[in-house]
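**Q** Kindly generate the complete structure, drawing on both the sequences and the hints.
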Amino acid sequence: SEGAGAGYLVTDFAIPQTDRGWGKNRIIHFFNSSSYDRSELVEITVWDWPGDVERIEISDMNGNTILHQVISDKAQQHPERAYWGHKYIKLLIVARVPACGYSTYLLKERSLTDAKVTFYDGPRIEKPDNQYILENNYIKVVLDSKDASIVSFVDKADNRELVDTNRAAGIFRLIEEDTEKGMTSWVVGRHMNIYDLNQFVKVKEASLNQDQLRQWVTYSIQFRESRLEVEISLDYNSCKLDYNVECEWLERPEKNVFIPQLNFHMPLADKCSQYKYDIPFGTIVREALNIDQPGNSWVLALPDSSEGNSLRIVTNTKYGFRGFDNSLSLTLIRSSYDPDPYPENGIQKFQFAVELIDPHDNKALINKAFDYSHPIGYVPGTKHEGELPLEQGFLSIKEGSVAVSTVKVPEDKNNKQMIIRVYEVMGTDTTAVFKLASPVAKAWYVDINEKELSGNDIVIEGNLVKADVKAHSIACICVEL
21 SEGAGAGYLV TDFAIPQTDR GWGKNRIIHF FNSSSYDRSE LVEITVWDWP
71 GDVERIEISD MNGNTILHQV ISDKAQQHPE RAYWGHKYIK LLIVARVPAC
121 GYSTYLLKER SLTDAKVTFY DGPRIEKPDN QYILENNYIK VVLDSKDASI
171 VSFVDKADNR ELVDTNRAAG IFRLIEEDTE KGMTSWVVGR HMNIYDLNQF
221 VKVKEASLNQ DQLRQWVTYS IQFRESRLEV EISLDYNSCK LDYNVECEWL
271 ERPEKNVFIP QLNFHMPLAD KCSQYKYDIP FGTIVREALN IDQPGNSWVL
321 ALPDSSEGNS LRIVTNTKYG FRGFDNSLSL TLIRSSYDPD PYPENGIQKF
371 QFAVELIDPH DNKALINKAF DYSHPIGYVP GTKHEGELPL EQGFLSIKEG
421 SVAVSTVKVP EDKNNKQMII RVYEVMGTDT TAVFKLASPV AKAWYVDINE
471 KELSGNDIVI EGNLVKADVK AHSIACICVE L
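As numbered in our numbering, residues 21 to 501 make up the sequence shown, in order.
Please note that the accuracy of each hint is not assured.
Calculated cross-link-like contacts (lysine-lysine; reagent style BS3-like; alpha-carbon spacing at most 27 Å) [to be verified]:
no., residue 1, residue 2
1, K403, K128
2, K160, K291
3, K275, K291
4, K160, K176
5, K201, K110
6, K486, K388
7, K471, K490
8, K147, K160
9, K338, K222
10, K383, K486
11, K160, K44
12, K403, K388
13, K275, K201
14, K388, K160
Here are the simulated distance ranges between beta carbons [claimed, not checked]:
no., residue 1, residue 2, range
15, E407, I468, 32 to 40 Å
16, L484, N365, 49 to 57 Å
17, N365, Q151, 35 to 43 Å
18, G43, K166, 45 to 53 Å
19, D216, T448, 40 to 48 Å
20, E407, Q151, 53 to 61 Å
What the hints contain is simulated information worked out from the structure, not anything from laboratory work. Every value quoted in this text rests on a predicted model; they were computed, and no experiment measured them. Yeah, the Cβ is synthetic: ideal placement off N, Cα and C, and Gly gets one too.
**A** Here it is, written out as structure tokens:
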């Protein structure tokens, strides 16, 4: 297994996952780029593991058994699905990783005396597939069995329905844009014709056991010259309904007639006159408009009357959103024809999610979107000597309504210094408290060009740094260890 997986998933911009271990005991290091601790499901690939998949056990650095789920072990039984002569299995692991740090986990084979024996004890009764239900402690989502559209999205905290049950929700649409305005690479045209692609859905798999760490439904859509492969999933501790999509897009525009667009659409139960978007260094509220508007990664509905949670669409690669007609829409692909006549043709992969969240908590909105765009990464490891502990965080925000924009070395490249750039997100003056991994010698404010500012009132207490940040402002702090 040593060296297996070279280049695997690099085309998906993942961290290289070349295996370094061997045998039944494997070491895995997880990495968190967020400025706060995270605990979430992480999908890992294990290469050429010679043990019994049913007896896999994951433990943390203290020997505590960690929840996991095998989501694909078919390559063990079907070598034709292996990768360059190597077999693999895919697992979900509940990994906890400190802020801006790493943690270490061990995969091994349970002894036979500890292995649980499972057997099927349910009645052999065939049930109608009228609906597919994805449910955890936070949300309940019901998909139509015919077209996989969302017929219900319930916030279990107050049992409130969040989608318009009279309109098809969670659907993919093929839109023909008007080309009258020209500049098709830069201007989204008027929506002339809109086609519901979910009418062509063919459901392929449904794994709906609520005892699983992840539930999912997969389906395909064949339309015109193109094809969609979609996985909708819900994790056990998540408020997000995740969409993982592969699209073979072969639609061509007709010059001066129409531009084809792939779009995702989410009608809402509440009336919404305004929508919130994320922008550099904060958020912005915009009126409902029947045009695409830019966001770094999300658009959020702001109900006129509801005080509870709301829905947003969050992405990691798309930035064209539309909040209009009490609905959320996401532009996925547009086949413009000038200056490049065929810029989008080919196989494309992308992810987005429909998330239940507090619309007024800007810090949570920004942090959770960052997490979505920066999932916990991992690399296989080996047993060896070293000075660092098995788990450690290097920088965390303990208090304050700020979000991190940048952590970097100064431009003069002083090895003992770092620049922390943050911005205030809630519209109030705050004191940001940073915790570092080692004692701090001194800290001071700098401007955007990293020149020291006068009036330094930063407080240092051991490895803690306390800095005041004005409402809606940016603060740059130089820390010397």
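**Q** I'd like to know which numbered hints this structure contradicts. Please list them from smallest to largest.
**A** Those not satisfied are hints 3, 5, 11, 12.
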